[in-house]
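Asks: Let chain A serve as the given structure and place chain B on it in line with the hints.
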Amino acid sequence: MADKKNLLLLFDHPTEPVFMDKGGNGTVFDVPDSYVTDRYNQMCKKVQRRVSSASEKNVLVKEIAIPDLSCPMRLGRSEQFSLFLTSHRKMASHLIEIFTKMPTVDELQSVAVYARDRVNPVLFNYALSVALLHRPDTKDLELPAFAQIFPDRFIDSQMLRSMREESFVVERSAARLPVVSSVKYTASDLDVEHRLWYFREDLGVNLHHWHWHLVYPIEASDRSIVDKDRRGELFYYMHQQIIARYNAERLSNHMARVQPFNNLDEPIAEGYFPKMDSLVASRAYPPRFDHTRLSDVDRPKDQLRVGIDDMKRWRERIYEAIHQGYVLDTNNEKIVLDDSKGIDILGNIIEASDLTPNSTLYGDFHNMGHILIAYSHDPTNKHLEYAGVMGDASTAMRDPIFYKWHAFIDNMFQEHKRLLSPYEKQELCFPDVRVESIQVESQGQVNKLTTFWQESDVDMSRGLDFVPRGHVLARFTHLQHHAFSYTIKVENSSEATRYGYVRIFLAPKLDDRNAPMLLEQQRLMMVELDKFVVTMPPGSHTITRNSTESSVTIPFERTFRNLDKLEELQNFLCGCGWPQHMLIPKGRPEGLRFELFVMVSNYEEDKVEQTAADCGCSIAASYCGLRDRLYPDRKSMGFPFDRKPRRGSEILENFLTPNMRAVEVIITHEDRTEKLRELPARS
Amino acid sequence: MADKKNLLLLFDHPTEPVFMDKGKRVTVFDVPDSFLTDRYRPISNEVQSRVGDKVEQRVPVREISIPDLRIPMSLGRDEQFSLFLPKHRRIAGRLIDIFMNMRSVDDLQSVAVYARDRVNPGLDLPSFSQTFPDRFIDSQVIRKMREESFVVQPGSRMPITIPRDYTASDLDPEHRLWYFREDLGINLHHWHWHLVYPFEASARSIVTKDCRGELFYYIHQQVIARFNVERFSNNLARLLPFNNLSHPISEGYFPKMDSLVASRAWPPRFESTRLSDLNREADQLNVEIGDLERWRDRIYEAIHQGFVMDERGNRVPLDEATGIDTLGNMIESSILSPNRVLYGDLHNNGHTFISYAHDPTSKHLESFGVMGDVSTAMRDPVFYKWHSYIDRIFQEHKSRLPAYTENQLNYSGVSIAGIQVDTNGGRPNNLTTFWQKSDVDMSRGFDFLPRGNVFARFTHLQHLPFTYTISVNNDSGAQRFGYVRIFMAPKNDERGQPMLMRDQRSMMIELDKFVTSLNPGPNTIRRRSTESSVTIPFERTFRNLDANRPAAGTAEELEFNFCGCGWPNHMLVPKGLPEGLQCVLFIMVSNYENDRIDQQLVGRCSDAASYCGVRDRLYPDRQSMGFPFDRLPRSGVDRLVNFLTPNMSIVDVTIRHENRTVQRQN
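If you read the protein sequences in the order shown, they are chains A and B. The numbering used here puts the first residue of the first sequence at 1, with every later residue one more than the last. The numbering used here puts the first residue of the second sequence at 1, with every later residue one more than the last.
The shape of chain A in the complex, shown without the other chains (with noise of 0.2 Å):
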């Protein structure tokens, strides 16, 4: 019987043939000979003799019959696979439902052993991972960082230079060194939009795109895998606090707030060169210039073809469904966008996933956008260009593009949310419970919160293919703060004790402009910082938390999981969360004014009758949900902001009942980096 967690190991250097040595320790895989790829028939077994010296292990892999696999190897070893187009996701939901239907993990692993060489390896990861998370016997193992097997689409390609340099040149582990991340490579400081590239290129913001994405798959042949409670809704609100989060970002830097890029036939004025190399392809990810324009997409070899008009009309019918209360589905019946469904159908029509009611007249809006944008530079394929990043998730944040454009998918969610009628003041009110003060403390300093830059090494040794085995660190800079908690003082003037959901949300005072923001703005901008449930007993109360247990964010380590520490950490749904050393804006050298805001709502009405997740990894759940579970919270996400303030609550101090606080917050970023030991120079 297979050791399941041999399984993992195929992830490893993906593009290698499946025979070569995996794992630290040199495992390897006893492929049978009708297993192995044409190239290597003859020469499977004197390379595994080779590396087999040394190795620790063997993996016996058993010879069965081999399903058929036509289907997922239609798209070629080194094409660029995207979850963004539907002939890929066919593939990849094929090559699921096969892998799924394996009866046992013995018959997983050879067809994943045969499977391996033979499709393209993103797919393959792809739909491996989903596999492994779906099925019974396998959702226990703890997957591999995304970014470790595929370094190629997180880091710049110098960098990877370096890296197989050191592998190949130091032979012993111990005395390679870090490869240092250049900072700010991708632009210059005359690009204004630069100043954000810590954020939109950091490894663990990628990564949680990636992992929410693989949560959350578009479409699979079993419908259960898609269909996860408030799915659409999900889609809106982690998309929705991107662009949140990310315009405090901008004004932290001095730049106003994002335009929606609402104008197919604009050229987008913003260009992007991601000076990455992407290792399946073996091509550079394309760039994109300043000014360039949309065009009509048709590329057969994809099966796409969508013209700009196309979007047009999927816009003005998704915004006559808006505005007129309810869709049609594909019986012409009509489904109303109600208070508490209307979001979530919505969302699923916009992504558009496959629980959407009604692809024919409502189209694959955004789905399309990041196609469109993703092969501006060759749109009919007359050049056989792969797409640029915004075709993938797990490089779509790097551009500054991704964000005009889920700004305008964002301006029609709220256009939606616009017209339901505001929250009243006893839907917001929590009787006999008052919040008395609430602060924020950091380093000894009250209400006042600093970032700063940190170094940190990621192990991407498994990535690297065609290069000596061993760790080979990658140092990269990104943002920090120093860890603060909250105090927060309650009264319950009842005679029992009671349950309050603290939410905590962050946003900026002031606009872009340096003016006091109406609520109507600032809602928009806040960001989620945390959400959790209390015990009230009668009477005062103080209740502390801490920032490292934010509901929305992972740790470090989760973010950059090591295979080796496998044992401690266990659930895949852990990779999926918000990165912890992104919490915070990076606000600015002078301080930056926010608001903070604490919120004490009633659990009893907001809980949601489940049992408890069956594992630790409840940690992330505002933007990644509960595995196998119910969200969280019955309230819509975002809630008490996702609505139009009530009338006569144009300020958020107005808005504030008894059971909400907020007090003013200072971010200040200090231009220091927290070094790791220095490395000599390379040259």
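If you are wondering where the hints come from, they were derived from the structure by calculation, not from laboratory data. All clues given are correct.
Mimicking DSS-like on lysine-lysine, the simulated pairs with C-alpha atoms at most 27 Å apart in a straight line are:
#1 Lys437(B) - Lys144(B)
#2 Lys363(B) - Lys404(A)
#3 Lys46(A) - Lys144(B)
#4 Lys509(A) - Lys404(A)
#5 Lys46(A) - Lys54(B)
#6 Lys635(A) - Lys489(A)
#7 Lys509(A) - Lys489(A)
#8 Lys144(B) - Lys382(A)
#9 Lys184(A) - Lys363(B)
#10 Lys54(B) - Lys24(B)
#11 Lys54(B) - Lys4(B)
#12 Lys54(B) - Lys45(A)
#13 Lys5(A) - Lys62(A)
#14 Lys644(A) - Lys607(A)
#15 Lys382(A) - Lys437(B)
#16 Lys87(B) - Lys363(B)
#17 Lys509(A) - Lys448(A)
#18 Lys144(B) - Lys301(A)
#19 Lys87(B) - Lys184(A)
#20 Lys341(A) - Lys607(A)
#21 Lys509(A) - Lys635(A)
#22 Lys62(A) - Lys4(A)
#23 Lys4(A) - Lys57(A)
#24 Lys45(A) - Lys144(B)
#25 Lys425(A) - Lys341(A)
#26 Lys334(A) - Lys644(A)
#27 Lys46(A) - Lys24(B)
Here are the computed distance ranges between Cβ atoms for each label pair:
#28 Asp277(B) - Thr380(A): 27 to 33 Å
#29 Lys57(A) - Lys5(B): 43 to 49 Å
#30 Val341(B) - Glu316(A): 55 to 61 Å
#31 Ser295(A) - Asp277(B): 24 to 30 Å
#32 His254(A) - Glu63(B): 49 to 55 Å
#33 Gln443(A) - Asn45(B): 41 to 47 Å
#34 Lys57(A) - Glu281(B): 54 to 60 Å
#35 Glu281(B) - Thr380(A): 35 to 41 Å
#36 Glu281(B) - Cys71(A): 51 to 57 Å
#37 Asp512(A) - Arg312(B): 56 to 62 Å
#38 Asp277(B) - Val183(A): 24 to 30 Å
Quick reminder that beta carbons are idealized off the backbone N, C-alpha and C, glycines included.
Replies: Chain B alone, transformed into the frame defined by chain A:
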């Protein structure tokens, strides 16, 4: 005393550290610890002993005090080096000076070892396809070669095939010419030509070569003529020159190559990209489109007035003898330009503008595209549009010169009775082209990989070799010498109409030129296509670096570089059409007594003189390059047939392309 041959090993694996093993015979340089870069100095024992007992040869490197390398080191290790950038040219000049001034081979070896890991690898010295395969082949092929080297032991490795059609699809009509633009040999030729004829050097003698300005005009004129015939071979019209710098460039180009030095892809140019003013401080580049237009207008003014102004305000006439040479140096421009302030640097800046069209202000920290480097520029369709325009300026001058008179063209007493070309076993006056696959060893350019040969198998055009048979009557009664000039051009234009002489002359491609002795009475001259004075054989285009490369900085090395110059023989004949492209073959026998240059020809590799000249000698022809087609025909001559004097002859030749591929037998 160091063996100077070891210096050659420093070219191998250009981006690997110097202490790594080199060469086919495993050789290691014993590098003094103080020469190691900071990264490797602390673990010097470990890395220096890395190759262990496989070492067959150790080369001691003497520890000397190193001259100041700050200027060469000011170009980053992983930046792209371009000869079109003045700043980079200065940096290269300084490094060459340092190398040339070392007193002994020992010292040269020491400083070269020290510099190797510190200066930009492209600077080091001439590179070519085997040390920088990345400049010539698809990045996906590079990856497959990496896999082959890593997984398979030497001996069992198979050649990696470079796909034929990887840069674009048939939707792009320009892509029909991939085999020309992306030919390894053509791009190597272009690189070598610019190596032999640099436009700037601190030693003026390196630049001041006989007729260098004229040769610049002529080699590029011939490239355009050949490209246009290839266009006819693909049912495409002649090039439109890129003559309006404010117009978008409709042709896009996506090179799909990675630079192994920069670890960056060569940037593409999207379709319909416009040029913008350049303001790139890091490259010390601050040029406007307005500057280019100003230079262009002044050059035209000089041509129309018949003189240029030198730096002291003196008029230098653009006459029949040296006018074209002056213009060549002025338009390119080289340091021989009579007045760079006035006439600027038009051709070079055109390359620079186009190569930075994607990031003119360095806002995105992008390096230049393929147009910025002579080893890659010919891949891009816009290269030909730009040079077509440059050629138009030269032709403006040529069209103002008096036409050759019958007297100037004739060779009294000598007449051609008949000409014919034959391929082995084929019908007379029919030429055949096809595809051929050849293997080239690329392993020396693959860094950080197990050693051993890795071959790239690429597809290129080829033709059946052929023979010219020329019947010449010498009625003068004495022995005479003739200069045989062979050209070919299409018969009809893109509209299917017979070509007028004035158009056809600009499509005349030179096939050969040689001296022959003519006995009194009838003579039959036979000449093989492989002997052509424009081409070099396949083996020399892709010669083996190990086998016979002389040491760096020596005279032999300069000769060696020179030997790489020459049009690749496999591209001698245009592709033709499956149904046959109708061409006219033109042969002229001129009076060698009038044409000869009295000089002794020494040294090797003077066999591709037509496009490359002869090393350290005068250009071996007193006539203008391209003679007799470099000027407008005399009045009354509309068609080629009217142009002929008795010492000329023409014959119709059909070039047929067979769409089959054969493997070269080694």
